[in-house]
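Peer 1: Sequence:
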Amino acid sequence: MENLYCYLALLVSTIFIIIKLSNNRNKNLPPSPFSLPIIGHLHLLKPPLYKTVETLTLQYGPVLYLKFGSRPILVVSSPSIVEECLTKNDIVFANRPPTMAGKHFTYNSTAPVWAPYGNLWRNIRRFASVEVFSHISLQKSSIIREEEVHSILGQLYKVSKIEPQKVELRYLFSLLVSNIIMRIVTGKPCVGKEVESMDVGKELLKEFKENFFADLAMNMCDFFPVLRWVGYKGLEKEMIRLQRKRDEVLGRLIDEIKQKKTSSLSNATIVDVETKGTLIETLVHLRESEPEFYSDNVIKSILLTMFVAGTDTTVTTMEWAMSLLLNHPEVLQKVKVEIDNQVGSGRLLDDSDFAKLPYLRCVINETLRLYPPQPLLLPHFSSKDCTVGGFHVPRGTILLVNAWFMHRNPKLWEEPTRFKPERFEAIDEEREGFKYIPFGMMRRACPGSSMGLRVLSLALGALIQCFDWERVGKEMLDMNPNLGFLLSKAEPLESICRPYHSMTNILSQL
1 MENLYCYLAL
11 LVSTIFIIIK
21 LSNNRNKNLP
31 PSPFSLPIIG
41 HLHLLKPPLY
51 KTVETLTLQY
61 GPVLYLKFGS
71 RPILVVSSPS
81 IVEECLTKND
91 IVFANRPPTM
101 AGKHFTYNST
111 APVWAPYGNL
121 WRNIRRFASV
131 EVFSHISLQK
141 SSIIREEEVH
151 SILGQLYKVS
161 KIEPQKVELR
171 YLFSLLVSNI
181 IMRIVTGKPC
191 VGKEVESMDV
201 GKELLKEFKE
211 NFFADLAMNM
221 CDFFPVLRWV
231 GYKGLEKEMI
241 RLQRKRDEVL
251 GRLIDEIKQK
261 KTSSLSNATI
271 VDVETKGTLI
281 ETLVHLRESE
291 PEFYSDNVIK
301 SILLTMFVAG
311 TDTTVTTMEW
321 AMSLLLNHPE
331 VLQKVKVEID
341 NQVGSGRLLD
351 DSDFAKLPYL
361 RCVINETLRL
371 YPPQPLLLPH
381 FSSKDCTVGG
391 FHVPRGTILL
401 VNAWFMHRNP
411 KLWEEPTRFK
421 PERFEAIDEE
431 REGFKYIPFG
441 MMRRACPGSS
451 MGLRVLSLAL
461 GALIQCFDWE
471 RVGKEMLDMN
481 PNLGFLLSKA
491 EPLESICRPY
501 HSMTNILSQL
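Under UniProt numbering, think of the first position of the sequence shown as 1, with each following residue one higher.
Quick caveat, the hints were computed from the structure, so don't treat them as lab data.
Note that CB positions come from ideal geometry on N, CA and C, so glycine has one too.
Result set (PhoX-like, lysine-lysine): computed pairs, CA atoms no more than 25 Å apart in a straight line:
1. 237 to 206
2. 206 to 158
3. 202 to 158
4. 420 to 334
5. 188 to 158
6. 336 to 161
7. 209 to 193
8. 489 to 206
9. 474 to 420
10. 88 to 435
11. 166 to 206
12. 334 to 474
13. 474 to 166
14. 258 to 188
15. 103 to 209
16. 202 to 245
17. 202 to 489
18. 161 to 202
19. 336 to 474
20. 161 to 474
Ranges of calculated distance between the beta carbons of each label pair, as one might list FRET restraints:
21. 342 to 255: 44 to 50 Å
22. 136 to 210: 30 to 36 Å
23. 161 to 88: 54 to 60 Å
24. 31 to 492: 38 to 44 Å
Hey, can you work out the whole structure from these sequences and the hints?
Peer 2: Below you can see the structure in the form of structure tokens.
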């Protein structure tokens, strides 16, 4: 019976694709490789996707049209074409593609990163810009970032103060970023200082990620919607199960704040200082004045976005940056000298020092150029027919912006594959336009980029200020990425660290 359903699904898909092809036959579509019936160009795709797309771009040009099953895909790989998509056609491409994962994991697409363009998206975006990512809000949360960075420094000092130690940096970076986000949202870290065992810390961190993280990537049911009818591989059932678990966890977090608020009013006491001014408390308070907008689902979707959107991307960038520095010790030394000259060894650097550390910022920019966390950025979705590069783009087309290709294009960058932070000393990324876009651009640009850059600068700067770092072996670190949609290192980063003698007094007090 299941085979019969699959055959029916393929038949319906074939009819649908034939109709779509006949409608587009006489239209000036962008260049495209030869496609197969039903599956389109899926047979050409091999992981990682950004490398396959790069190969096709070199063959067919910067405007590439693909078909993944029933889904038309537009891949753009030049700054001028990206600018045309995101300025001239900005509203047309201001949406995200409807997907099965988006429906279940973002509360029916109400999360800020996945919400359709309109009043809901504008209101959520405005809330995030004012309450979380504004200059004032970032200043208020600086104490959290500094305390969590100091906690990591203290842990490193304890294990390395007697003799140099090998440490797993991916875990420490994940712990740092997760604790920062969790404290901003709830007032409490996901792994507290009372957890002394690294194994226990890893288990708690794993549980945190299992509760909140989920893959929003498209799957076969999105390319062949009829497969959803037959419960293909149980994908949708598993999504529903996972989302139910996440929903319960988020519900408990919200209920805790409601109960504390009710208790404080009835007993005329002050709300717990740990949760006072947290994101959850702010959302619960706003719900009282705007209940028609701040529904349970909207509040949960905002919280979920905070947990998911900037955590892995920031961790990944930290790991790439440290890997590049360890492979280029002369650059690492140059950053160290800059910090020593501008900050010294009498105190730990803080947010106010970033303006005085331009070379550190160059290192971060160059890392993001070589290893953008989302090499194809998050997908956009056309709400109506439009023209891109002189070609017709049908309504319902998924837009992929090939940041990986543009960031390494020799026509745009001198020695594009070389780690050369100095290139950004003469470059203002704000004026570089669309050739450097690690956070996206225009309406759907990442709203949390400022916070991410502050975490990156503070963490990397403090680690370099306080510890001497070197590779575990003499050979260069493996810089191969994994095969997923997020451009993370295939091999977790390990390094040997020893505290600088000039910093031991400060580190011993953390």
